[in-house]
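A.B. asks: Below, each chain spelled out in residue letters.
Protein chains: 2
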Amino acid sequence: MAKRPLPLAGVYKLIEPGPVVLVSTVRDGRPNIMTMSWHMMVDFEPPIIACVMSNRDYSFEALKKTRECVINVPAAELARKVVGCGNTSGRDMNKFTKFGLTASAASSVRPPLINECYANLECKVVDTTLLTQYGIFILEVVKAWIDPSNKHPRTIHHQGKGKFAVDGEIIKLPSKMK
Amino acid sequence: MAKRPLPLAGVYKLIEPGPVVLVSTVRDGRPNIMTMSWHMMVDFEPPIIACVMSNRDYSFEALKKTRECVINVPAAELARKVVGCGNTSGRDMNKFTKFGLTASAASSVRPPLINECYANLECKVVDTTLLTQYGIFILEVVKAWIDPSNKHPRTIHHQGKGKFAVDGEIIKLPSKMK
Chain A
1 MAKRPLPLAG
11 VYKLIEPGPV
21 VLVSTVRDGR
31 PNIMTMSWHM
41 MVDFEPPIIA
51 CVMSNRDYSF
61 EALKKTRECV
71 INVPAAELAR
81 KVVGCGNTSG
91 RDMNKFTKFG
101 LTASAASSVR
111 PPLINECYAN
121 LECKVVDTTL
131 LTQYGIFILE
141 VVKAWIDPSN
151 KHPRTIHHQG
161 KGKFAVDGEI
171 IKLPSKMK
Chain B
1 MAKRPLPLAG
11 VYKLIEPGPV
21 VLVSTVRDGR
31 PNIMTMSWHM
41 MVDFEPPIIA
51 CVMSNRDYSF
61 EALKKTRECV
71 INVPAAELAR
81 KVVGCGNTSG
91 RDMNKFTKFG
101 LTASAASSVR
111 PPLINECYAN
121 LECKVVDTTL
131 LTQYGIFILE
141 VVKAWIDPSN
151 KHPRTIHHQG
161 KGKFAVDGEI
171 IKLPSKMK
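So the sequences go chain by chain: A and B.
Using the working numbering, the first residue of the first sequence is number 1, and each one after it goes up by one.
Using the working numbering, the first residue of the second sequence is number 1, and each one after it goes up by one.
Some hints could be false.
[What the hints assert, rightly or not] Derived DEER-like restraints, expressed as beta-carbon distance ranges:
1) B:Lys178 with A:Met93: 14 to 24 Å
2) B:Met93 with A:Lys98: 47 to 57 Å
3) B:Gly168 with A:Ala2: 54 to 64 Å
4) A:Arg154 with B:Glu77: 41 to 51 Å
5) A:Thr102 with B:Asp28: 51 to 61 Å
6) B:Thr97 with A:Ala2: 48 to 58 Å
7) B:Gly10 with A:Ile170: 23 to 33 Å
8) B:Asp92 with A:Ile170: 26 to 36 Å
Don't read these hints as lab results, they were simulated from the structure.
These numbers were taken from a predicted model, which means no experiment stands behind them.
Every residue gets a Cβ at the ideal spot worked out from N, C-alpha and C, and that includes glycine.
Here chain A stands alone, though its shape is the one from the complex (with noise of 0.2 Å):
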């Protein structure tokens, strides 16, 4: 399944949804793996995205000293693995092995794409102001990376608890937002 460059200008469609997404990271060569859903988007291009994580997960320490991630892009088939991931810590393992992910070369950055999920950003992190007080990192987008035989994927929202809305209808309005 090959993926191609997604133009920047459209990394915002992915996100704005707010769909759970899988972030990768590697800290002394070993990659891991966070769930997160607590993100936004900041401005459209370059794509800049705010994240928040926790000092008590393993991937704070390992995008603080690297500034480098990748935000994976899972759908509902994916739904087991994702809360997999959220609920065990890359300090006690491989994820990667641990939920029979496949990893590839990211292009600008060192984390690794996850090969499963429909679309990839790879990320620097580009300010951390409000690292200390709130767990906020300012993201760039660098390159983006989509599944062109993924047509309509259903993303997963979650709403607590292993409790996830999964993508229903489309609805289409006259709009003239972006």
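Since the structure of chain A is already known, use the hints to place chain B on it.
C.D. replies: The following block gives chain B in isolation, referenced to the frame of chain A:
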């Protein structure tokens, strides 16, 4: 349709899934509504929410000046009004009148609750460190309301240009995640 208070510890369940929301502000006695998708949870309790507004938005100045807003969560039935609010400016009109939305008094802030939304979060601005550079407001939810009669509201998630995914199937997986 009487709302009941929602314990603040439950607020994240409304925002974490990434629904489109309507933000109400008031300035010089004039209430306004803005459609917003760029927001995220920052902390559970007290609930802290980050959001992004452009300084071209009429609501930006109101929120910056008054430091109060209400985040109102609409269900899918309100999609047309949500798009209407997103395509117009409070500079030119009263959006409550224009879109047939009704206001009721909040308990802790001046901006009104939008009655037709199934949940309302009264917010105060607590941090504007990143406002000038990124348009990021940090909000604390000081009071929350929910419509107890709407058991399974289906929210909408903006995929860009007036295209929305409506909540579909709900899946529940065993999880230790909050």
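A.B. asks: Taking the hints in turn, state whether each one holds.
C.D. replies: Checked hints:
no.	hint	result
1	B:Lys178 with A:Met93: 14 to 24 Å	holds (21 Å)
2	B:Met93 with A:Lys98: 47 to 57 Å	holds (55 Å)
3	B:Gly168 with A:Ala2: 54 to 64 Å	violated (29 Å)
4	A:Arg154 with B:Glu77: 41 to 51 Å	violated (21 Å)
5	A:Thr102 with B:Asp28: 51 to 61 Å	holds (57 Å)
6	B:Thr97 with A:Ala2: 48 to 58 Å	holds (53 Å)
7	B:Gly10 with A:Ile170: 23 to 33 Å	holds (28 Å)
8	B:Asp92 with A:Ile170: 26 to 36 Å	holds (30 Å)
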